[in-house]
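Participant: Dock chains B and C against the given chain A, drawing on the hints supplied.
Residue numbers (our numbering), protein chains in the order written: chain A, 2 to 339; chain B, 44 to 553; chain C, 66 to 392.
Derived by calculation from the structure, the hints in this document are not laboratory data.
Mixed in with the good hints, there may be bad ones.
Below, in silico cross-link-like pairs of lysine-lysine (DSS-like), each with a Cα-Cα straight-line distance of 30 angstroms or less [claimed, not checked]:
no. : chain 1 : residue 1 : chain 2 : residue 2
1   : A       : LYS284    : A       : LYS305
2   : A       : LYS305    : A       : LYS102
3   : B       : LYS452    : C       : LYS318
4   : A       : LYS102    : B       : LYS500
5   : A       : LYS277    : B       : LYS64
6   : A       : LYS146    : C       : LYS224
7   : A       : LYS305    : B       : LYS75
8   : B       : LYS75     : B       : LYS86
9   : B       : LYS86     : A       : LYS277
10  : A       : LYS278    : B       : LYS64
11  : B       : LYS500    : B       : LYS540
12  : A       : LYS68     : A       : LYS305
13  : A       : LYS305    : A       : LYS278
14  : B       : LYS64     : B       : LYS86
15  : B       : LYS86     : A       : LYS102
16  : B       : LYS75     : B       : LYS64
17  : A       : LYS284    : B       : LYS75
18  : A       : LYS278    : B       : LYS75
19  : A       : LYS199    : A       : LYS277
20  : A       : LYS102    : B       : LYS75
21  : B       : LYS409    : B       : LYS540
22  : A       : LYS278    : A       : LYS199
23  : A       : LYS277    : A       : LYS305
24  : A       : LYS277    : B       : LYS75
25  : B       : LYS86     : A       : LYS199
26  : A       : LYS278    : B       : LYS86
Which residues of chain A face chain C? A few of them, derived with a C-beta cut under 10 angstroms, are [to be verified]:
no. : residue
27  : PHE76
28  : HIS116
29  : ALA118
30  : MET125
31  : LEU127
32  : SER128
33  : PRO136
34  : LYS146
35  : GLY166
36  : GLU170
37  : SER171
38  : ASN173
39  : PHE174
40  : ALA175
This structure is a prediction, so every number in the text was calculated from the model and none was measured.
Ideal placement from N, C-alpha and C gives every residue a C-beta, glycine not left out.
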Amino acid sequence: MQQAHPAPAGIEPLGPEDLLDLYAAMVRVRALDERVWILNRQGKAAIVASCQGHEAAQLGSVWALRKHAAAHFCFTYYRDMGVCVAQGLTMREVMLGFLAKEGEPISRARQFPLHGADVGRGFMNLSNVVGSHVPEAVGWALAAKLRREPTVTAVYLGDGAASQGDIHESMNFASVHNLPVLFLVENNGYAISVPLHKQMAIDRVAERAAAYGMPGVTVDGTDVAAAYAATAQAVQRAAGGGGPSLVEFDVERYLPHTSDDDDSTYRSRDEVEEGKKRDPLAKLQQRLLAEGVLTPERNDELRKAARREVDEATDAAEAAPYPGAADVLDHLYAADGR
Amino acid sequence: MPIIIQLPQVGESVTEGVIGKWLVGVGQRVEKYDPIVEVTTDKVSMEVPAPYAGALTRIIAQEGEAVPMGHPIAEIEIERNAALDDANEPEPPVDREVERRARIGEFLVEQANAGLKIDPRPSPEPPAESEPEPPLDREAERRARIGEFLEDVRAVGPTGSGEGGAGRPDAALAEPQAAPVLAQPAPPPPAPAPTDAEADDETLPSEGGESIVSPLVRRIAQEHGVDVSEVHGTGRDRRVTRDDIFAHLEARREPELEAEHTIESPAEQAQEEPAEPDDGSLKVALTPTRRAIAERMERAGQIPAAWAMVEVDATGLVAARSAHREAFERERGAPLTYLAFAAHATAQALGSHPALNARWAGEHVKQYPTVNLGIAVAANDGLIVPVIHGAERLSVADLASAIHVLAQKARAQMLDLGDVQGGTFTLNNTGSFGSVLSGPLINHPQAAILTTEAIVKRPVVVAGDAITVRPMMNLCAAFDHRVCDGVEVGALLAEVKARIEALTAVTPIR
Amino acid sequence: MPTLTLIEAVREALREEMERDPSVFVMGEDVGRRGGVFLATQGLVDEFGEERVIDTPLAESSIAGIAMGAAMAGMRPIAEMQFADFIWPAMNQIVGEAARARYGTYGGVHVPMVVRSPYGGHVRGGLFHSQSVEAYFAHTPGLKVVIPATPYDAKGLLKAAIRDDDPVIFLEHKRAYRSVRGDVPDGDYTLPIGAAEVKREGADATVVSYGLTLHYTLQAAETLAQEGASVEVVDLRSVRPLDAETVLRSVRKTNRALIAHEDNRTGGVGAEVSAIIMEGAFGHLDAPVMRCAGLDIPAMPFAPTLESAFMPTADKIAAALRELLAY
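Bound-form chain A, shown alone (with noise of 0.2 angstroms):
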């Protein structure tokens, strides 16, 4: 799978402000997820899916609906830590969820980590049934298009995930009704051990998108710059009354599928460290370094910060009690509200 997809017509590349903004990020995604792996081997972290080789999808994409979308709204699936926290999930949000503790803000830790909602920083992740998410996407869209209200909304899902019926549903639904929506597949090749080609009989899930009548482009994922312009291609798009948009990112996933999985039954060494090589924050850090933006000291900083930060918030997270149980029963109706 390549892409050959240049800078879009129309679109500004990001300039050296919004590339060193889009690396900070990354390196405190980058820290977060190696802890919360640790700590799943500590036994204190239940269970983790990493988003490590995901992080430039999905930071750059959320920059592209910041930039480009009066308003939009996240519907993400378990492995985008980073799309949560570039909604402004806090680490330590982020760490009480990965530790199922008190204050957990999203689901009040009754939901696996990353899953629950936050209307107002604009993102949920209701179900572990994959695919589940991609319908109720397209129906938060048709909301903002009967209301008048100038809302992107943007789903990410899997290569896996673009099995299920619910995706071509949806798909077409979406693209009937002209409606404001953005599939973002996270193609990673895998489908927990099912590699791609036994999951689809094309190359890439973008093809589909010709079948559904709308655009259909897959970029390098691990390209921060060019997950940014295909995103922002398609987000003006929507925006403009353009209807959906689908944009496939070419990502790698250099470890098991969560921490419960063992990759080396189905996957050799030698694929995972060829995988490592296109590192999303290796290749940034190597771009910004080369170009200036970024001095070593500055990288130091960065990096020492958000290590200094993922600490504060493992230690916050480790004090805080379990949730108590006397509200077990609360929301499960409007009545059962506190």
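Facilitator: Frame of chain A, contents of chains B and C only:
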């Protein structure tokens, strides 16, 4: 001092791991979170991170060894600061003897529960629902609501339509089912006739040849002290029916009437008192209930009674009620009261303290085999004590329902004789009117009475001589000193207190 | 007061709610120009336009999922499943997603969605146009399940369902659509979801029922009255939440209980009602709780004779009542 590093619990269903390569040697220094050893489990291969910064002093689990999760794998000499940093979640020093004995299941259960804390926030009153209904004449309304069922209307086709001419021509197929014949005068009920599969489906399963006594009949018989085997049954298979019990009771009605008459004699005496001069005071006529209360209390006053009180920490009680309340009230339509929990604790405790579930019978003490718990209810015209029979067999939920039903019946003056007879012990929720300390009078002829006082927040001294605020409740007991001594009452109170204090938000109530 | 059929009452509720609240809209298969295959939405597209009366592609899962998404965004969608038998592709969206949204976000989002669907048989619908589906949804915490038996109830309960802040499954019996008529007041009123109603008072036995079967039950009660027995009929109206108090009050009075419904017997609403009676009125029972329900076969075979064999008819309910009263 070195601290033990345990193999952490990793994975949703994994119980042990095989030690791989040690990445750090004895004497080597590691940072917190640095990988120290490779471990393989059924589900994953992983590197175990160092829980502290420090120097590895001993490797306990060797390469190739299978180690249950939670068991020690190494020792580390930690740095002072790191130890302080982690004071909130110390890895407990391992007692090796206990460790060897511990079965993995038990150990994991302990781990899983460590740090769980129950939040005893009381739940607010549920908001009253007010759905306005349009004013309608009630009879007409009822008819209108039921509607008119037109059996002969053309059926809606299987795939829709109907009115508007779009219906399928075959939609009007005649219904094979005959309309019920309404004009016939009541015929003798025909035996159910269906011959095919549905016959089995709707016939009651056979319960064998012996005569069955329904719960209702059994209850009525019990309340009236009737032995069902002595009653002539007229129901199906000579089953004893409710009416059979009443017919049987009719036969022995005379002596009972006489007995009731005698009880009224004190009231007659009162009427013979000389008239007082009119000082403007109001003379309140006695209701039958008031008269009965007066008579009972007079007898109670003659009992040589003594009192005792204990303090109960109601934190768990509040949490338990709060956790179950909404679901219970939604399902049962009855309030889940603290009283129900107290009743449950009392009935259970009485099971192991029969000395208090008793009465003074002159020449001997009579102890009862079952707990028939009287619940004092403030009805409109005075105190009345309906009885929950066999309370020791009922769950908290059942007691809450039973108390609700009895209280409603009491307030509607619909209690029947069986509802107020046969009590063996009385519970009085004096806390309901704010009391925190009562000296109750015994409900004659029972041996004891217990009150539950109001739950109030008070500063209390807890472990470590710390002072904290807890919801506290007093339990007060009065007992017939002829029947037993303070030691038995103390034991009963201690058990009731222990049962209430053992409640948590996850204690089941069914 | 006008007399309406049940489907006219449904249509009137839909129209009035769409007039009252611009966030209410209808979506489903054939609901637009065709007005729905049963004509429940007839005329709505003329009045409210295609934006608010959406003819969807033939895809039940996304009908439910898209309605749920719009509901979380603040709209009040009414999704029509053309037949209750066709609801299964949407099961994940309704039971897996919508029912869990509020709980799983600690109240962060909620789903004010109504899923309307015609259910039930005895209309020559065969195995795939006749099913009663309520038990599947009544089992699910987070959902409400409403089944009106009369036009008056249908209008008041559908309006309440549309205004409810939680997902409501609203089931309308196909055979009742045009065979049940009743007075329905003009204008606005709602009825509380979760409140049963005693539709006929009696002293000797209680029958708990709902939907079309309620009418067969009332016929059976009338038959028994002529035989000298007084039968009370409780209409549940909603099976989740289930009004246990009204059921228990009635059974404590009559001491005998029969539950009648068209849904399959095993694991049906009758099993739950029976358990509620055991827990709350055991000492009042003078006979075992009985059920008169659809046979335990897929609803319902096509041939008219087989339909009748399946159906809990007035005759079968009356026979069950005689059995119960003779105990």
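Participant: So which of the earlier hints does this model not fit?
Facilitator: none
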